[in-house]
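Undergrad: So the chains spell out like this:
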Amino acid sequence: MDPQVFINVKESELRAKVEQYHTNGWRFVNINGSTVEEGVEVIYSFSKGEPFENLRLVVANGTHLPSVTDLYPNAFFFENETHDLFGTAFDGISIDFGGEFYTVSVPTPMNPASAQAQEALANNTYGAANYGDCEVPEPAAKPAAKADTKADAASAKTATSDTAETTTTTEEA
Amino acid sequence: MGKRTVIPFGPQHPVLPEPIHLDLVIEDEKVIEAIPQIGFIHRGLEKLVETRDYQTYVNITERICGICSFGHSLGFSQTIEILMGIEIPKRAEFLRVIWHELSRIHSHLLWLGLLADAFGYENLFMQCWRLRERVLNIFEQTTGGRVILSACNVGGVLQDISDEDLRGIVQILDGLRDEYGDLLDTFLYDRSVESRLGGVGYLSKQQAEEFAIVGPFARASGVIEDVRMFGHGGYGALEDFEPVISTRGDGYARCEVRALEVLQSIDIIKELVGKMPDTPISVAVKGSPEAGSRSASRVEQPRGECYYYSRGNGTKFLDRFRIRTPTAQNVAGMVATLQGCDLADVPLNVLTIDPCISCTER
Numbered sequence: 001m002d003p004q005v006f007i008n009v010k011e012s013e014l015r016a017k018v019e020q021y022h023t024n025g026w027r028f029v030n031i032n033g034s035t036v037e038e039g040v041e042v043i044y045s046f047s048k049g050e051p052f053e054n055l056r057l058v059v060a061n062g063t064h065l066p067s068v069t070d071l072y073p074n075a076f077f078f079e080n081e082t083h084d085l086f087g088t089a090f091d092g093i094s095i096d097f098g099g100e101f102y103t104v105s106v107p108t109p110m111n112p113a114s115a116q117a118q119e120a121l122a123n124n125t126y127g128a129a130n131y132g133d134c135e136v137p138e139p140a141a142k143p144a145a146k147a148d149t150k151a152d153a154a155s156a157k158t159a160t161s162d163t164a165e166t167t168t169t170t171e172e173a
Numbered sequence: 174m175g176k177r178t179v180i181p182f183g184p185q186h187p188v189l190p191e192p193i194h195l196d197l198v199i200e201d202e203k204v205i206e207a208i209p210q211i212g213f214i215h216r217g218l219e220k221l222v223e224t225r226d227y228q229t230y231v232n233i234t235e236r237i238c239g240i241c242s243f244g245h246s247l248g249f250s251q252t253i254e255i256l257m258g259i260e261i262p263k264r265a266e267f268l269r270v271i272w273h274e275l276s277r278i279h280s281h282l283l284w285l286g287l288l289a290d291a292f293g294y295e296n297l298f299m300q301c302w303r304l305r306e307r308v309l310n311i312f313e314q315t316t317g318g319r320v321i322l323s324a325c326n327v328g329g330v331l332q333d334i335s336d337e338d339l340r341g342i343v344q345i346l347d348g349l350r351d352e353y354g355d356l357l358d359t360f361l362y363d364r365s366v367e368s369r370l371g372g373v374g375y376l377s378k379q380q381a382e383e384f385a386i387v388g389p390f391a392r393a394s395g396v397i398e399d400v401r402m403f404g405h406g407g408y409g410a411l412e413d414f415e416p417v418i419s420t421r422g423d424g425y426a427r428c429e430v431r432a433l434e435v436l437q438s439i440d441i442i443k444e445l446v447g448k449m450p451d452t453p454i455s456v457a458v459k460g461s462p463e464a465g466s467r468s469a470s471r472v473e474q475p476r477g478e479c480y481y482y483s484r485g486n487g488t489k490f491l492d493r494f495r496i497r498t499p500t501a502q503n504v505a506g507m508v509a510t511l512q513g514c515d516l517a518d519v520p521l522n523v524l525t526i527d528p529c530i531s532c533t534e535r
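As you go down the protein sequences, you meet chains A and B in turn.
Using my numbering, the first residue of the first sequence is number 1, and each one after it goes up by one.
Using my numbering, the first residue of the second sequence is number 174, and each one after it goes up by one.
Worth flagging that the hints you see were computed from the coordinates, not collected in a lab.
Do not take every clue at face value.
27 angstroms max Cα-Cα, derived DSSO-like pairs, lysine-lysine [stated by the list, open to error]:
(1) B:Lys489 / B:Lys203
(2) B:Lys378 / A:Lys17
(3) B:Lys263 / B:Lys443
(4) A:Lys48 / A:Lys10
(5) B:Lys176 / B:Lys203
(6) B:Lys459 / A:Lys48
From chain A, some residues computed to sit far from chain B (all C-beta separations above 10 angstroms) [said to hold, decoys possible]:
(7) Lys17
(8) Glu38
(9) Asn61
(10) Val104
(11) Ala117
Everything numeric in this text was worked out from a predicted model, so none of it was measured.
Glycine is no exception: its CB is placed at the ideal position from the N, C-alpha and C atoms.
Generate the whole structure from the sequences, applying the supplied hints.
TA: Structure (structure tokens):
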């Protein structure tokens, strides 16, 4: 069984801690986001043979973390992934995909409370697929709110006798 | 200095069974820079853990990949067992290792076949896949499935293998080993193989450590890194375990490491069959992971170290389950091998790290 070492760190201590692991010859294993009440929990994992440690920090939605790709180049994969799925941005990534690393149908699908998802909701673009460089199609117009449910039911009942009329009724609704 | 051109490589390419895209900056047929892009098939399987209980989710983890499906169910089960403090019976640990090592044999034979096909040695490809078929037959005989085994669950394994069947498996593997000897000689000593792979995609040990690469890709550059040597689970019963290492760091070394690991896996299975304890194969699992509990574990998949993380919330569902696959870890190293290589070597270079994009994008 792998040792279960989870060390809580603050955002301000993160960079220094990672530098310490790098200096001491630890291998970078993973960066992993997950949604918590306070925002996003980010886990950084390192190993040195069998010893295996995880740094854990919790950041608010919309936080920018410092990239560690200058120390561990392969972290670019996980930083871009955490950005696209959870909305936590990393400053100074060696290869920054700017939110287009994964093709996702909604912004930050693993964290609907992220700043990006909230912005998309406010702009009515939540649900518009990420088509990379292609033009993003206009989101479908919302159906108009039904004024009177009883009246609608009555009109639908009348319309059942005539198919053409049913179509007209639906369009009007 | 020649003119620089950007050539898009993938996501559809004859050598790629799965989609990865590379922007290759070329100058005089030499790759100056390669910029990778994945994300075409992200499936969001990790998200499903919020709506599938942990016992059902084992079946989903198996479907992450068609080659290391057993390894993923093993990794997930192991992580939940750590989370809930479950100790599984010894026989279950041994059986898990046997199925996992069989998966490694079948994965490596599949890769060796693809490699042979990529450098135009079709007969060698067919011979590798012919032998791989025997491993799939063992899967079918012992679990009923050839790809999705559904043999592992939280608390142990779902199916036992009788001692008679275990002896039969050893016989099959002995036969496979004899026939594999000829193929091994071809991979290791045939002039055409050496001339095609030698010096291609070189990565030094220092670079391999810098890019934190894992699995046969790392071991081919002389990095001694293999989760199996920590002796977790059934691996702890092995007399001795030394990872297969090569120091050449090129495509030939990656072929050599994987080719020799097939023999190593056969030895592991034979040793464990000889030591198979007579215990139950599972323990009853009740309850749910505690709220806020978290665990992380590693499994040596055929392609390298795979990382699993889970966090409980007091119900039978999890708040989070995470898989970091070996390919995700190896992409940066792969890009490094591409810099400075010939354009004609790009497909072979990509193939030598044995990328699995469906695992990576889960």
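Undergrad: Which hint numbers does the structure go against, in order from smallest to largest?
TA: Hint check: 1, 6 and 10 fail, others pass.
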